[in-house]
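Undergrad: Single-letter residue listing:
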Amino acid sequence: MWRYLIRRLLELIPTLFGVSIAVFLFIHAIPGDPARLAAGQDATQAGVEDMRVRLGLDHSLPVQYLYFLRNAVHGDFGLSYRQQVPVLEVVREHFLPTLLLSLSAIVIAFVVGLLAGVLAATRRNSWTDLVVTTLSATGISVPSFFLGILLIYLFAVNLHWFPVSGSSSLRGLVLPSVSLALAPLATIARFVRSSFLEVAGEDFVRTATAKGLGYAAVTYKHALRNALIPVVTMTGLQFGFLLGGAVVIETVFNYTGLGWLLIQSIGFRDYPVLQVLLLLFALEFMLVNLLVDLTYGALDPRIRYG
Amino acid sequence: MASGAAALHGRERRGLDLWRRFRRHRSGMVGLSVTLLFVLMAVFGRLLAPYDPAQPDYLHVNAGISAAHWMGTDNFGRDILSRTLTGARYSLGIGVLATVFSSLIGSIWGLLAGYLGGWFDGLSGRVIDIMLAFPGLLLAIGIIAIAGPGFRNVILATTIFGIPIFARLVRGSALALKERAYIEASQALAAGSSRIMFLHVLPNILAPILVYVTLRIGTVILIAASLSFLGLGVQPPTPEWGAMLSEAQLYLAIDPLMAIVPGVAISIAVLGFNLLGDGLRDVLDPRIR
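Read top to bottom, the protein sequences are chains D and Y.
Going by our numbering, the final residue of the first sequence carries number 320, and the count climbs one at a time with no gaps.
Going by our numbering, the final residue of the second sequence carries number 545, and the count climbs one at a time with no gaps.
These are computed hints drawn from the structure, not numbers from a lab.
Here the structure is a predicted model, which is why all the values come from computation and not from measurement.
Just so you know, even glycine gets a beta-carbon here, dropped at the ideal spot from N, CA and C.
Wrong hints could be hidden among the right ones.
Where chain Y lies over chain D, by a calculated footprint (3+ residues, C-beta under 8 Å) [what the hints assert, rightly or not]:
(1) 29 to 35
(2) 144 to 156
Here are a few chain Y residues that face chain D, going by a calculated C-beta distance under 8 Å [claimed, not checked]:
(3) R382
(4) P391
(5) I402
(6) G474
(7) L488
(8) D511
Start from the sequences and build out the full structure, keeping to the hints where you can.
TA: Right, dumping it as structure tokens:
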């Protein structure tokens with residue numbers, strides 16, 4: 015197990031390396047002079063040259079990349095163009111709200127998706143099944159920001175149950191996390207349904223029924239438990255995608271998380287912040303995917319790591 | 257010559273057989289109908305529109321549903337129905353163009369990687385990993401941040417966003433096919449690599465590619481609408497659906513129709529492509545997923 019974990023972590027390194035090069039080149043691919051951008055609009059030519067030396071932009075690209083790496087390891091990603099404070103400080107401020115939002119969304123998606131999927135599978139070809147399958151097909155087709163707008167109109171503008179803007183308070187979290195949960199919820203429900211139906215047809219389920227176990231014991235103890243393994247994987251993958259989806263939902267609800275910061279930084283051309291956010295999102299996504307792989311093995315004893 | 261005609265006949269029969277099976281797939285047929293409807297809307301929407309989608313009418317601002325304006329008017333008094341009908345071309349245009357481009361580029365890339373193998377495959381695998389390391393929208397947002405917003409750059413961003421998925425799919429299929437006897441036979445007959453790749457390998461993986469293309473069009477429509485909604489895609493006053501929703505947010509309290517009409521249009525269009533893709537998958541290749 016440990017050897018496998020270490021091997022998988024080592025395997026991440028080349029990809030991480032590549033991602034860091036891509037993100038490093040990002041600032042250089044932006045049209046315009048990065049030194050002028052950093053110095054600000056009303057800087058003198060001397061000020062711009064001064065900034066160029068300070069940022070190390072007078073070196074060749076490979077040398078600059080090495081500086082970038084060295085500084086990154088020390089957590090130094092330069093100053094935000096807009097606020098003139100270290101980028102990491104700016105980012106840190108917005109990290110917790112996004113974590114809170116994505117965690118609550120994935121919990122909603124998992125719990126409701128699981129219930130809906132099991133309900134549909136155990137009552138196959140019934141009205142319940144039809145409703146669940148139709149709703150889940152719709153759920154992956156409705157843009158999350160459209161759902162967000164509808165929820166705002168209904169529950170904030172008309173009923174005043176929840177605030178229009180999202181926030182980290184419990185009431186402020188409800189509408190954004192439900193909007194963000196919809197797509198993964200629908201995907202999980204579909205997946206639970208098909209996974210459950212697949213498992214229900216397997217030999218060990220028939221054996222359990224044959225040896226006289228009741229319907230509930232067969233369904234929930236034997237079938238569900240085995241159907242859950244791929245579902246957990248699926249939920250993990252959905253969590254990874256959800257991190258990207260948060261960008262749109264945070265903008266709809268004016269919820270000041272990382273995604274909101276990302277869009278703000280594009281608006282203000284605050285490229286150092288943007289650079290770190292892209293790096294952070296990629297890193298999170300890669301780690302989530304690794305975690306998913308490891309959980310998969312922990313849940314299914316048939317899988318051995320060599 | 258005779259054998260060529262017989263092969264064509266066989267292919268036609270296979271196509272007919274697939275169509276018969278697809279016709280029995282209920283949700284697939286619903287998807288096909290919806291998709292066709294939206295394609296017609298993209299082509300003829302501008303002609304069907306009762307008003308000029310850009311024409312303001314300051315005397316009838318944010319008017320509700322009426323005989324003159326079936327879906328009401330927006331904050332400039334523009335007819336929402338006309339704007340939505342006209343907008344179909346942007347969403348569908350981006351969805352179809354970007355997906356076709358990324359499937360072409362991705363398929364060639366994947367074929368080369370899978371069939372040639374070696375260092376090229378190793379390197380391209382790394383590049384694919386890097387491109388897929390950015391979750392969802394993020395890669396597209398990064399590209400837009402560099403290239404700037406606008407219709408053409410949204411196509412560029414969504415094309416690049418789709419390439420690694422097709423490259424990975426085709427690489428896997430090409431790798432599996434490479435070991436088949438008939439490919440070995442072609443190699444033994446000294447057929448060139450490109451001949452084998454495009455004449456023997458590619459036709460055999462067209463089915464999964466087609467399924468993916470259909471399913472991806474829905475995803476790309478969603479991504480493009482999200483970009484426009486964020487102000488990074490097609491810009492107002494162009495009646496792109498995502499851009500319309502972004503404008504609508506400010507007037508939500510007084511005119512929810514501004515949001516509901518384009519939002520429902522996006523949802524149904526994406527649903528259509530998804531149902532069609534699911535149906536095609538069930539009929540063409542029950543093995544995938």
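Undergrad: For the restraint on D511/Y, tell me whether the closest CB of chain D is nearer than 8 Å.
TA: 10 Å, violated
Undergrad: Classify the hint on G474/Y as holds or violated, based on whether any CB of chain D lies nearer than 8 Å to its CB.
TA: 7 Å, holds
Undergrad: Apply the coverage criterion to the region 144 to 156 of chain D and chain Y: a residue qualifies when its Cβ sits closer than 8 Å to a Cβ of the chain, and three qualifying residues are needed.
TA: It holds: at least three residues are needed, and the region 144 to 156 of chain D offers 5 whose Cβ sits within less than 8 Å of chain Y.
Undergrad: Less than 8 Å between beta-carbons is the criterion; does P391/Y satisfy it with respect to chain D?
TA: 4 Å, holds
Undergrad: Holds or violated: is the Cβ of L488/Y closer than 8 Å to a Cβ in chain D?
TA: At about 7 Å, which falls below the 8 Å cut-off, the nearest Cβ of chain D leaves the hint on L488/Y intact, so it holds.
Undergrad: Holds or violated: R382/Y as interface residue toward chain D, Cβ cutoff 8 Å?
TA: 6 Å, holds
Undergrad: At least three residues with a C-beta closer than 8 Å to a C-beta of chain Y: is that true for the region 29 to 35 of chain D?
TA: Satisfied; 3 residues make the cut.
Undergrad: Holds or violated: the hint that I402/Y contacts chain D, with Cβ atoms closer than 8 Å.
TA: At 5 Å from the nearest chain D Cβ, I402/Y passes the 8 Å test, so the hint holds.
Checked against the numbered hints given earlier, this structure breaks only hint 8.
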